[in-house]
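The listed protein sequences correspond, in order, to chains A and B.
Taking the UniProt record's numbering, the leading residue of the first sequence gets 1, the next gets one more, and so forth.
Taking the UniProt record's numbering, the leading residue of the second sequence gets 1, the next gets one more, and so forth.
These aren't lab readings, by the way, just hints derived from the structure by calculation.
Be aware that a few hints might be false.
One copy or two, it doesn't matter: identical chains are merged, so the pair holds either way.
[As the list claims (entries may be wrong)] Within a straight-line C-alpha distance of at most 20 Å, the following computed EDC-like cross-link-like pairs (lysine to aspartate or glutamate) qualify:
id, residue 1, residue 2
1, Lys123, Asp85
2, Lys171, Glu231
3, Lys82, Glu92
4, Lys41, Glu65
5, Lys205, Glu231
6, Lys66, Asp118
7, Lys66, Glu92
The structure presented is a predicted model; accordingly, all values stated were derived computationally and were not measured.
Protein chains: 2
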Amino acid sequence: MQLFYQPHLPEIQHLDLDESKHCIKVLRMKSGDEINLIDGKGTFYKAKITNENHKQCEFEIISTEKEADFNFHRHIAIAPTKNIDRIEWLVEKATEFGIDEISFFQSFHSERKVIKIDRLEKKVISAMKQSIKAKKPIINEIDSLQNIISNAKEANKFIAYVDFQNTTYLKNELKNNRDSIILIGPEGDFTEEEVELSEKKGFKKVSLGKSRLRTETAALAAVHLMNLIAE
Amino acid sequence: MQLFYQPHLPEIQHLDLDESKHCIKVLRMKSGDEINLIDGKGTFYKAKITNENHKQCEFEIISTEKEADFNFHRHIAIAPTKNIDRIEWLVEKATEFGIDEISFFQSFHSERKVIKIDRLEKKVISAMKQSIKAKKPIINEIDSLQNIISNAKEANKFIAYVDFQNTTYLKNELKNNRDSIILIGPEGDFTEEEVELSEKKGFKKVSLGKSRLRTETAALAAVHLMNLIAE
Numbered sequence: 001m002q003l004f005y006q007p008h009l010p011e012i013q014h015l016d017l018d019e020s021k022h023c024i025k026v027l028r029m030k031s032g033d034e035i036n037l038i039d040g041k042g043t044f045y046k047a048k049i050t051n052e053n054h055k056q057c058e059f060e061i062i063s064t065e066k067e068a069d070f071n072f073h074r075h076i077a078i079a080p081t082k083n084i085d086r087i088e089w090l091v092e093k094a095t096e097f098g099i100d101e102i103s104f105f106q107s108f109h110s111e112r113k114v115i116k117i118d119r120l121e122k123k124v125i126s127a128m129k130q131s132i133k134a135k136k137p138i139i140n141e142i143d144s145l146q147n148i149i150s151n152a153k154e155a156n157k158f159i160a161y162v163d164f165q166n167t168t169y170l171k172n173e174l175k176n177n178r179d180s181i182i183l184i185g186p187e188g189d190f191t192e193e194e195v196e197l198s199e200k201k202g203f204k205k206v207s208l209g210k211s212r213l214r215t216e217t218a219a220l221a222a223v224h225l226m227n228l229i230a231e
Numbered sequence: 001m002q003l004f005y006q007p008h009l010p011e012i013q014h015l016d017l018d019e020s021k022h023c024i025k026v027l028r029m030k031s032g033d034e035i036n037l038i039d040g041k042g043t044f045y046k047a048k049i050t051n052e053n054h055k056q057c058e059f060e061i062i063s064t065e066k067e068a069d070f071n072f073h074r075h076i077a078i079a080p081t082k083n084i085d086r087i088e089w090l091v092e093k094a095t096e097f098g099i100d101e102i103s104f105f106q107s108f109h110s111e112r113k114v115i116k117i118d119r120l121e122k123k124v125i126s127a128m129k130q131s132i133k134a135k136k137p138i139i140n141e142i143d144s145l146q147n148i149i150s151n152a153k154e155a156n157k158f159i160a161y162v163d164f165q166n167t168t169y170l171k172n173e174l175k176n177n178r179d180s181i182i183l184i185g186p187e188g189d190f191t192e193e194e195v196e197l198s199e200k201k202g203f204k205k206v207s208l209g210k211s212r213l214r215t216e217t218a219a220l221a222a223v224h225l226m227n228l229i230a231e
């Protein structure tokens with residue numbers, strides 16, 4: 001199913017420049033044709049094209065449908081990788097599985113201190129359309145690990161730490177209906193001080209399993225687990 | 001930890017051309033230095049360089065260590081995607097999580113009929129080194145779906161099929177210590193005839209969850225689940 005994105009629905013009832021071009025020039029849709037839209041806030045819209053303008057395609061809403069709410073708020077916070085492709089990939093896959101909020105932080109072993117949110121937003125919107133989701137995950141600007149830890153409001157807080165002796169597995173700690181945040185460290189992992197700081201603020205040290213995972217793979221494992229818990 | 005790959009260990013005690021160059025020219029290792037190797041068959045080797053030749057670096061084995069066996073054989077069979085990057089990505093991530101065998105098949109809605117195994121083998125070897133694994137997953141040449149179905153020897157056989165009414169979730173069907181194969185269809189999914197054929201051969205229709213996943217994401221979810229079951 002082809003979905004169009006208009007974040008200002010229902011107030012604005014036309015597509016933006018790129019979406020208008022795609023709809024009218026590429027897909028050759030005409031006035032009177034039906035289209036499906038998402039607002040990024042959790043609602044699907046069915047609409048009819050009223051003006052096949054390839055710069056500003058106008059439509060009128062026929063019907064709406066709310067996406068079912070997820071059982072809890074799913075939040076991951078990651079130290080971004082040096083190679084930004086790996087983060088873009090993660091953002092796409094996390095959106096497919098289902099995620100509510102993605103944060104980035106700088107920590108002692110961080111390899112990257114800058115993130116271009118615009119590019120990630122595009123990946124997210126494309127993944128939402130692909131996987132037929134109406135609610136756009138929140139993508140936060142990069143912040144210090146300390147701020148992320150101090151500001152976390154979730155009921156269940158976890159820090160994934162590579163320690164093959166630790167048998168406290170995230171899969172056994174996540175609870176349905178409990179808002180959760182999971183911190184995923186950089187390739188050099190968290191320092192002991194960072195782990196201690198997070199523990200003081202109520203984070204629990206968890207293992208993602210017996211394999212040594214790259215940052216983005218660990219983050220995806222965490223996202224997959226949060227989704228499994230609620231099904 | 002830097003790992004070198006020599007599939008003919010312990011018989012051959014030198015690195016191949018690429019690995020020799022990397023070891024001697026890039027890492028500037030010398031005779032007498034210790035290196036770590038894997039044979040792709042499940043054994044780690046510690047060795048000492050005896051001849052720092054950058055075309056054929058020779059070494060002698062000091063000690064060996066067997067990698068712990070996984071509880072069961074983990075096999076996924078996938079309809080390869082049009083964009084081969086997505087399959088390369090999957091092969092890398094599946095190796096990180098842990099997988100024993102990856103097969104590819106042609107089915108009615110397949111978008112790609114050819115797979116270059118050589119490139120995938122390189123991805124797998126690189127991922128093994130990265131995630132410190134000694135056993136190389138088997139990567140099979142592409143085959144017909146019919147042959148894959150008929151030849152499957154695993155005790156537990158699953159076909160992942162997009163059907164949001166189906167509440168038979170893979171996560172509840174996998175059993176520890178039971179060799180498993182999971183079929184993952186192309187973007188257009190399996191046809192009803194293909195599902196029926198697989199069911200006749202003992203495959204069980206399962207759901208991976210409530211999200212609409214791309215082929216490679218579905219495959220990775222299945223791989224992650226197989227690993228979770230045993231932990």
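Status of the hints after comparison with the structure:
For the homomeric pair lysine 123 and aspartate 85, the shortest alpha-carbon distances inside one copy (11 Å) and between copies (16 Å) are both at most 20 Å. Taking the closest pair of Cα atoms, lysine 171 and glutamate 231 come within 20 Å of each other both inside a single copy (13 Å) and across two copies (10 Å). When the C-alpha separation of lysine 82 and glutamate 92 is checked against a cutoff of 20 Å, the pair qualifies both within a copy, at 17 Å, and between copies, at 18 Å. Taking the closest pair of Cα atoms, lysine 41 and glutamate 65 come within 20 Å of each other only inside a single copy of the chain (12 Å); across copies the shortest separation is 53 Å, beyond that limit.
Proximity of lysine 205 to glutamate 231 under the C-alpha cut-off of 20 Å is restricted to the inter-copy arrangement: shortest distance 17 Å between copies versus 24 Å within a copy. Taking CA atoms no more than 20 Å apart as the test, lysine 66 paired with aspartate 118 passes in neither setting, with 26 Å inside one copy and 47 Å between copies. In this homomeric assembly, lysine 66 and glutamate 92 never come within 20 Å of each other (Cα to Cα): the closest approach is 22 Å inside a single copy and 37 Å across copies.
Comparing the model with each numbered hint stated earlier shows that hints 6 and 7 do not hold.
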